[in-house]
Amino acid sequence: MSALEPMLLTIITASTPLLLAAIGELVCERSGVLNLGVEGMMIVGAVAAFGTAYTTGSPLLGIVAGMLAAVALSLLFGFLTLRLMCNQVATGLALTILGLGLSGMIGESFVGEPGVKLSQISIPMLSDLPLVGKVLFGQDVLVYASFAIVGLTSYVLFRSRWGLILRAVGDNHTSAHALGYSVLRVRYLAVMFGGACSGLAGAYLSLAYTPQWTEGMSAGRGWIALALVVFASWRPGRVLIGAYLFGAVSILQFHAQASGVTLPSQLMSSLPYLVTIVVLVIISQNRQLTKTNSPACLGKPFSPDR
Amino acid sequence: MRKIVKLAATAAIALGLGTGAALSADPLKVGFIYVGPVGDHGWSYQHDQGRKAIEAKFGDKVETTYIESVPEGADAERAIERLARSGHELIFTTSFGYMNATLKVAKKFPKVKFEHATGYKRAKNVSTYGSRFYQGRYVLGQIAAKVSKVGTAGYIGSFPIPEVVRGMNSFMLGAQSVNPDFKIKTIWVNSWYNPGAEADAAKALIDQGVDVMLQHTDSPAPLQVAQARGIVGFGQASDMIKFAPEAQLTAIVDKWDNYYVDRVQAVMDGSWKSQDTWGGMDTDMVHMAAFTNLDDEIAAEAQKTIDAITAGTFKPFTGPITKQDGSVYLKDGEVAEDGSLLSMNFFIKGVDDKLPN
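Top to bottom, those sequences are chains C and P.
Position one of the first sequence corresponds to residue 0 (numbering that gives the first Met the number 0), numbered consecutively onward.
Position one of the second sequence corresponds to residue 0 (numbering that gives the first Met the number 0), numbered consecutively onward.
Check each hint, because a few of them may be wrong.
Okay, derived cross-link-like pairs now, SDA-like style, lysine to any residue, Cα gap no bigger than 20 Å in a straight line [as the list claims (entries may be wrong)]:
1) K116/C x K51/P
2) K51/P x F109/C
3) K51/P x L151/C
4) K353/P x S258/C
5) K348/P x L251/C
6) K133/C x Q207/P
7) K241/P x T261/C
8) K322/P x G259/C
9) K241/P x L251/C
10) K353/P x V260/C
11) K182/P x H254/C
12) K116/C x I230/P
13) K182/P x E112/C
14) K353/P x V110/C
Over 10 Å on every C-beta distance to chain C, these chain P residues come out as not near it, computed from the model [claimed, not checked]:
15) D39
16) P70
17) N124
18) E197
19) E336
The set of hints was computed from the structure by calculation and includes no laboratory data.
Values in this document were obtained by computation on a predicted structure and should not be read as measured data.
All C-beta atoms in this analysis are idealised placements derived from N, C-alpha and C, irrespective of residue type, glycine included.
Take these sequences, add in the hints, and give me the full structure.
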């Protein structure tokens, strides 16, 4: 039993950044905007969070800064794709490249400096419970936030009027426009939400996961988050399953390697990808349902004047 | 999705050009190609420290340029050629995967001199250089075996290539010289640089009971985890004491400064020749960071080994050494030749991990 608890704690750490970034991108894509710049927004969030926490000594300010920096980047993306109607795929890729370069430049003086670690919140009594205590009640604020965001997103998307409007905009922007909804405003907000979540994911990397700043430390997690959204067929619950599955298999294969399982390590390293894809494909077997979930206007530009 | 990642990487080099040094009357232009970002605080960072050493030494007599995060392969050729075309007279290509690209460009620019790190193919205008990091690993093995209470170290590997396998074997030889039953638990993360995954691997190893951590990957993350979990470890590529003031025992520091300065001097003097350099502790290319959090006695022992390796009186790969499969690698007193070290593709006895074929 005692081996299980640290394993669960590690799985949570590995899954949280993926979950945060993916849930933000999900909302963005549900509104019909494909933002491939998740990796770029994440890394800018990471450096802003690290730098702010490092200079002020407050990880909470760091989180806010990480979020704001990523939102700023997402607004740039929004302006280019929504206002100027640039190609979303190309702009998203450019955003990632910009983010990676920009973060390296901003972070130059932070390389080699130890960071400020986001502390765990311990709920007295509850976090002392055996086995589940630390896992459920001893996490840091971003882990709780990630679950809250998934829950809220799920509720708002499918149980509220706002969600209905957002999905309408993503499925058929012409009709939504004809009904009098501001397609661009909805999309701007969704893009900003995506940015904020990517920023939180980045902050989690540089403040909680590995409290340090090194260039390119996101190491492709933004791309994994993007893939999760598609394989989870744009459903928040499935994104949660996917992110945790990915995290769990990553950690379990490390444990397997350390305890002497002698499968080729290349195979072991690809297991998280394989297992996650297979499971999510099985869940999403119902093609009809997947089709209804996929936003019909994804990636299509919209001009209110036409 | 992979295609997209690649696309992004390709486009990234276009943005990655950085220039240092001021202009003056005909300075010697020296170029560098890095495989990672200079901010990785590891491999590329240390090469960039070497570049800075050149600037510090020669001032406005040199002008240095670097291109960072250049993927190994076709992109490398373009990046190297760009430096050659723009009047760089000496170009350092600092990753194994640049080998063929370097030779190709060198053929086109016979007057430009090239220095390729960790490779083995040379030409009239292409030198190779590398560092005997394994010497440092032997010292780490000795220290680890002395400080470990459980007799097991955690070892995070990047890729099972000769460089890493050699380091692992050397570590085990050092450890076995103290405790013949010493064990390692190994995790391959299949990446040189992924702080998150490195940290996860470190946590998994600690959860399985190891009490010394070492890694052949580039980020300070594993050492940081060691510090957080209250065990000890070693820095890799650069001195990482700031990340683990209570956990780092020492670090193997890649120090290219002397070599780079020498080679620039040689070009200036007109004495540059194609050669192969495999430097170690004797040239300070393998530099051990100060001992910290260590008993004086253990530190003194380790220093003795360092002195012996530096003086050349002791070589880590000296027989008798048995391979994992039980066959003899080196007979009693036999010293390994560089060729067999460079192509090392087997574990020695005592390593439980299996090498993937």
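Status of the hints after comparison with the structure:
no. : hint            : result
1   : K116/C x K51/P  : violated (31 Å)
2   : K51/P x F109/C  : holds (18 Å)
3   : K51/P x L151/C  : violated (51 Å)
4   : K353/P x S258/C : holds (12 Å)
5   : K348/P x L251/C : violated (27 Å)
6   : K133/C x Q207/P : holds (19 Å)
7   : K241/P x T261/C : violated (35 Å)
8   : K322/P x G259/C : holds (19 Å)
9   : K241/P x L251/C : violated (30 Å)
10  : K353/P x V260/C : holds (9 Å)
11  : K182/P x H254/C : holds (16 Å)
12  : K116/C x I230/P : holds (18 Å)
13  : K182/P x E112/C : violated (33 Å)
14  : K353/P x V110/C : violated (35 Å)
15  : D39             : violated (6 Å)
16  : P70             : holds (13 Å)
17  : N124            : holds (32 Å)
18  : E197            : violated (8 Å)
19  : E336            : holds (29 Å)
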